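Student: Each chain, written out:
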Amino acid sequence: MTNTLIILVAVLIIAALVQITRVSELLSEIKKQDPNKVTDSNNKTQGILFLVVGSAFLIFVVWQMITWNHLLLPPASSLHGQEIDSLMKVSMGLILIVFFALTPLLFYFVYKYRGNKNNKAYFFAHNNKLEVIWTVIPTIILTCLIVYGLRTWERSMNPDLSQAKIIEVYAEQFKWTARESGTDNKLGKANFKLVTDRNALGVDMNDVNSIDDKVVREVHLVVNKPVLLKFRAKDVIHSAFLPHFRVQMNCVPGLSTQFAFTPTQTTAEMKEQEGDDFEFVLLCNKICGAAHYNMQMSFIVETQQEYDAWIASQKKLSEKLLTQK
Amino acid sequence: MSEHHHKETFITKYIFSQDHKMIAKQFLITGMFMAIVGMLMSAIFRVQLANPGESSFLYNLLPGDWINEAGALNPDKYLALVTMHGTILVFWVLTAGLSGTFANFLIPLQIGARDMASGFINMLSYWFFFIATVILISSIYVQGGPASGGWTIYPPLSALPQAIPGSGTGMTLWLISITLFVVGSLLGGLNYIVTILNLRTIGMSMKRLPLTVWALLITAILGVLSFPVLLSCGLLLIFDRSFGTSFYLSDIIINGEMLHNVGGSPILFEHLFWFLGHPEVYIILLPALGIVSEVIAVNSRKPIFGYKAMVGALLLIAFLSFIVWGHHMFMTGMNPFLGSVFTFTTLLIAIPSAVKVFNYLATLWRANIRFTPAMLFAIGTVSAFITGGLTGLILGDSALDINVHDTYFVVGHFHIVMGLSAIYGMFAGVYHWFPKMYGRMMNKNLGYLHFWATFICAYGVFFPMHFLGLAGLPRRYYTNSAFPMFDGLSDINSIITFFALTGAIVQGIFIFNFIYSIFKGPKASTNPWKSTTLEWTTPVERIHGNWPGDLPVVTRWAYDYSKPGASEDFIPQNVPLKEGEEEH
Numbered sequence: 001m002t003n004t005l006i007i008l009v010a011v012l013i014i015a016a017l018v019q020i021t022r023v024s025e026l027l028s029e030i031k032k033q034d035p036n037k038v039t040d041s042n043n044k045t046q047g048i049l050f051l052v053v054g055s056a057f058l059i060f061v062v063w064q065m066i067t068w069n070h071l072l073l074p075p076a077s078s079l080h081g082q083e084i085d086s087l088m089k090v091s092m093g094l095i096l097i098v099f100f101a102l103t104p105l106l107f108y109f110v111y112k113y114r115g116n117k118n119n120k121a122y123f124f125a126h127n128n129k130l131e132v133i134w135t136v137i138p139t140i141i142l143t144c145l146i147v148y149g150l151r152t153w154e155r156s157m158n159p160d161l162s163q164a165k166i167i168e169v170y171a172e173q174f175k176w177t178a179r180e181s182g183t184d185n186k187l188g189k190a191n192f193k194l195v196t197d198r199n200a201l202g203v204d205m206n207d208v209n210s211i212d213d214k215v216v217r218e219v220h221l222v223v224n225k226p227v228l229l230k231f232r233a234k235d236v237i238h239s240a241f242l243p244h245f246r247v248q249m250n251c252v253p254g255l256s257t258q259f260a261f262t263p264t265q266t267t268a269e270m271k272e273q274e275g276d277d278f279e280f281v282l283l284c285n286k287i288c289g290a291a292h293y294n295m296q297m298s299f300i301v302e303t304q305q306e307y308d309a310w311i312a313s314q315k316k317l318s319e320k321l322l323t324q325k
Numbered sequence: 001m002s003e004h005h006h007k008e009t010f011i012t013k014y015i016f017s018q019d020h021k022m023i024a025k026q027f028l029i030t031g032m033f034m035a036i037v038g039m040l041m042s043a044i045f046r047v048q049l050a051n052p053g054e055s056s057f058l059y060n061l062l063p064g065d066w067i068n069e070a071g072a073l074n075p076d077k078y079l080a081l082v083t084m085h086g087t088i089l090v091f092w093v094l095t096a097g098l099s100g101t102f103a104n105f106l107i108p109l110q111i112g113a114r115d116m117a118s119g120f121i122n123m124l125s126y127w128f129f130f131i132a133t134v135i136l137i138s139s140i141y142v143q144g145g146p147a148s149g150g151w152t153i154y155p156p157l158s159a160l161p162q163a164i165p166g167s168g169t170g171m172t173l174w175l176i177s178i179t180l181f182v183v184g185s186l187l188g189g190l191n192y193i194v195t196i197l198n199l200r201t202i203g204m205s206m207k208r209l210p211l212t213v214w215a216l217l218i219t220a221i222l223g224v225l226s227f228p229v230l231l232s233c234g235l236l237l238i239f240d241r242s243f244g245t246s247f248y249l250s251d252i253i254i255n256g257e258m259l260h261n262v263g264g265s266p267i268l269f270e271h272l273f274w275f276l277g278h279p280e281v282y283i284i285l286l287p288a289l290g291i292v293s294e295v296i297a298v299n300s301r302k303p304i305f306g307y308k309a310m311v312g313a314l315l316l317i318a319f320l321s322f323i324v325w326g327h328h329m330f331m332t333g334m335n336p337f338l339g340s341v342f343t344f345t346t347l348l349i350a351i352p353s354a355v356k357v358f359n360y361l362a363t364l365w366r367a368n369i370r371f372t373p374a375m376l377f378a379i380g381t382v383s384a385f386i387t388g389g390l391t392g393l394i395l396g397d398s399a400l401d402i403n404v405h406d407t408y409f410v411v412g413h414f415h416i417v418m419g420l421s422a423i424y425g426m427f428a429g430v431y432h433w434f435p436k437m438y439g440r441m442m443n444k445n446l447g448y449l450h451f452w453a454t455f456i457c458a459y460g461v462f463f464p465m466h467f468l469g470l471a472g473l474p475r476r477y478y479t480n481s482a483f484p485m486f487d488g489l490s491d492i493n494s495i496i497t498f499f500a501l502t503g504a505i506v507q508g509i510f511i512f513n514f515i516y517s518i519f520k521g522p523k524a525s526t527n528p529w530k531s532t533t534l535e536w537t538t539p540v541e542r543i544h545g546n547w548p549g550d551l552p553v554v555t556r557w558a559y560d561y562s563k564p565g566a567s568e569d570f571i572p573q574n575v576p577l578k579e580g581e582e583e584h
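Heads up: the sequence lines are chains A and B, in that order.
Numbering-wise, the first sequence is residues 1 to 325 according to this note's numbering.
Numbering-wise, the second sequence is residues 1 to 584 according to this note's numbering.
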């Protein structure tokens, strides 16, 4: 029924368009005009439309910035993330300035220089001075932006790892698992050939470093303590994305990747700030299959005491493998 | 070529035609058909994003097994739609539809040649494309559905049918289809280059080429240099999928099955893919910028400002596009130093891009603008190029990319800078050269209506996406409702879907105008836009061989608009210089 209606409406619309087109052509014929010649009054209408719609577009942009500002991610909850946020502010400020300068200029020119049969355009083919100016200025601005960007990148990518707590994050369709490196802060070796139902991460239990490793379903971090996340993937490419910490790294089968950062706010503090349902969450950000949209694990940032209590409650992998038959 | 005594039959004239103008129209119509298919797909997945898990009458367009018992779209088929939408729009519409149409149509006409260097190879190029199209469309209906791993088809997802159903037969057909597509575009591209370099008429020096031809030449060179890499990239994937090699696969357990592959790397695939993938962005964009340069100059009644700088900027963009592919891979765990290099080269592209924008603005300054529908779309392109280009400064900066990589911020960025700029450029080209293609005029008022409705809807769709991205929302999510942190974004999604559906419907105005005008539009005159370039010196009847008598001889550049001292506000390229007149 709906389908018939839709087809009917479509047919009616096409019929209406045909009639409108015919009428406009017949009218022009009566007026002895070429229907498709652009007249001065056309130019005026279109010029004004550019001014009006162009302004409306800019207002729409500002409206979005105001209305949706509260939906954006809160300020970074990590050390390097704060530097990224500063760089973001500078870059965003710059592109907004350029956007709000060039877009109105475009629409204004288009309106101002709308055609008129009595006017003649100004023959202006090139001007070397002008061209040099607007090549050099963007070059200088970009050089500054590149230098600032590369410094931030350099610092974010090369933090001091000597004190970092090592945690492995393991990705598979469609869940995350984590492995705490235990008291020795060393992850035991792992190999995909060792994966079984019980040893889901394929940890090599003959490696002495594996003995105190703990496999956990959520990651707990200590506030203001650096952490080094090491990523592995079981089946396809995934991407570990922790938007609140400004952390992202692909998890690639057959390749080990990593990302280090220092959380600066506890989950409890964030709940106070952002509301009770706040949670640091790990998302998958590389298309990985049907349930890609629902691949999550929580990250909990807490004080040292809280962490100690939690980690003590977790069983070692070696114990699990021995006891659970 | 000039001797055409033999009678053309229906088949040699309309189907296996070797006339570049007919081949251009074949590319255009095929491209438009694919654009409608791609657009319908996006309408369908936008409906799913606004009303996740609900049924919709639009789903009746889909094969039955894509829908679950409750009438909702299956999550893996959502990904199939996204993948096919991307593939169709990037390759079929904005590469073949845009370059194929305008390179074929404009190159011989604007350089003063009777046809392409090889009409036969040109015909082959279309028919490879046509077969690729048939295969791609048929892949929608096979068991498991079409390719579903994203248009970038990263393995292992695209290599393993166990990972997603679309990686079965659908993916095989995708790879065969894209292989034929690449063969077609290489044949076309070589032909374009040879034609431009060898068949220019007397006096048509490189310095007098219209900017459209420059853009099409550089595009063709980019294609010839980068598409073979995609081809080899795809062939290795075919080997991995079908013959047990391990180029891209290593250490994989899928559905409990341990695969034998070791030693390969999916990252190798990404490098090969993006070595095409980034130049591809400019393969899409440059023809549109070329068309826009031409349309803006003609309708501003002014020479394009800074012709040499415009050519230089095109060359620089093209060169840089080969050394920036790594910015798609900042998050793959590449050496941070390599990331720095790619950030550096990527942000450099902003310089020639800025020069182009300033030159467009300078062209509009003190112009006498005639608002044809083509001109409206050309201005739309400049606006989209500004809006979308700027956000590239965020994405190209590796440190900032960490948090916006693969989010809706990227989706907004590339849909505006590449999608809108290019599709507006394509519309501008169709409205502008329709009189030359079909000998009739398109309806002006419907063109105005089409532009304004499209312009408003397009920004309504893509601008809000930046905010989704800054809120951390990843792309390619079947629904945003699985994470409480995204609950606040459902309003934005509804707004986007509203504009997307409206925007899709208003394209009906264009399709109607196009078809109606082919048959019923008022007859065009020889040079309806009072343009200087050579295509407007050919007869309206569009004969094989283009010019009835001798080829025109060129004596001036393509942009003598409103030249001081001239009686008219344009001087065609084949009008000899007057005594004492300087070239420009």
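Keep in mind that a hint or two might mislead.
Quick list of in silico lysine-lysine cross-link-like pairs, DSSO-like style, CA-CA up to 30 Å [said to hold, decoys possible]:
1) Lys523/B - Lys117/A
2) Lys117/A - Lys578/B
3) Lys13/B - Lys578/B
4) Lys523/B - Lys32/A
5) Lys120/A - Lys207/B
6) Lys31/A - Lys175/A
7) Lys31/A - Lys13/B
The calculated label-pair distances, taken between Cβ atoms and stated as ranges, are [said to hold, decoys possible]:
8) Gly508/B - Glu154/A: 51 to 57 Å
9) Ile137/A - Gly71/B: 52 to 58 Å
10) Phe10/B - Val62/A: 56 to 62 Å
11) Val52/A - Val194/B: 46 to 52 Å
12) Thr526/B - Val52/A: 33 to 39 Å
13) Ile20/A - Pro548/B: 44 to 50 Å
14) Gln305/A - Ala482/B: 41 to 47 Å
15) Glu581/B - Val132/A: 26 to 32 Å
16) Leu197/B - Ile97/A: 49 to 55 Å
Please keep in mind that the hints were generated in silico from the structure rather than gathered at the bench.
Predicted, not measured: the structure shown is a model, and the values here were computed from it.
Note that the Cβ used here is the ideal one computed from N, Cα and C, for glycine as well.
Student: So, for every hint listed, does it hold in this structure?
Tutor: Okay, the hints, checked on the actual structure:
In summary, the hint linking lysine 523/B to lysine 117/A is supported, as the alpha carbons are separated by about 23 Å, within the 30 Å threshold. A distance of roughly 25 Å separates the Cα atoms of lysine 117/A and lysine 578/B; the hinted pair therefore holds under the 30 Å criterion. In summary, the hint linking lysine 13/B to lysine 578/B is not supported, as the alpha carbons are separated by about 41 Å, beyond the 30 Å threshold. Distance restraint check for lysine 523/B and lysine 32/A: the Cα-Cα separation of roughly 15 Å lies within the 30 Å cut-off, and the hinted pair is therefore satisfied.
Among the hinted pairs, lysine 120/A with lysine 207/B is consistent with the structure: their alpha-carbon atoms are about 26 Å apart, no more than 30 Å. A distance of roughly 71 Å separates the Cα atoms of lysine 31/A and lysine 175/A; the hinted pair therefore is violated under the 30 Å criterion. Of the supplied pair hints, the one linking lysine 31/A and lysine 13/B is violated, its CA atoms being roughly 39 Å apart against a limit of 30 Å. In this structure, glycine 508/B and glutamate 154/A meet the distance hint of 51 to 57 Å, their C-beta atoms being roughly 52 Å apart.
With their beta carbons about 57 Å apart, isoleucine 137/A and glycine 71/B fall inside the hinted range of 52 to 58 Å. For the pair phenylalanine 10/B and valine 62/A, the supplied restraint of 56 to 62 Å holds, since their beta-carbon distance comes to about 57 Å. The given range of 46 to 52 Å is respected by valine 52/A and valine 194/B, whose C-beta atoms sit roughly 48 Å from each other. For threonine 526/B and valine 52/A, the hinted distance range of 33 to 39 Å is satisfied, since their beta carbons lie about 36 Å from each other.
For the pair isoleucine 20/A and proline 548/B, the beta carbons lie near 38 Å from each other, so the given range of 44 to 50 Å is not met. At roughly 33 Å, the beta carbons of glutamine 305/A and alanine 482/B sit outside the given window of 41 to 47 Å. Between glutamate 581/B and valine 132/A the beta carbons are some 28 Å apart, a value that agrees with the proposed interval 26 to 32 Å. The beta-carbon spacing between leucine 197/B and isoleucine 97/A, approximately 43 Å, falls outside the hinted interval of 49 to 55 Å.
When the structure is compared with the earlier hints, violations turn up for hints 3, 6, 7, 13, 14 and 16 and for no others.
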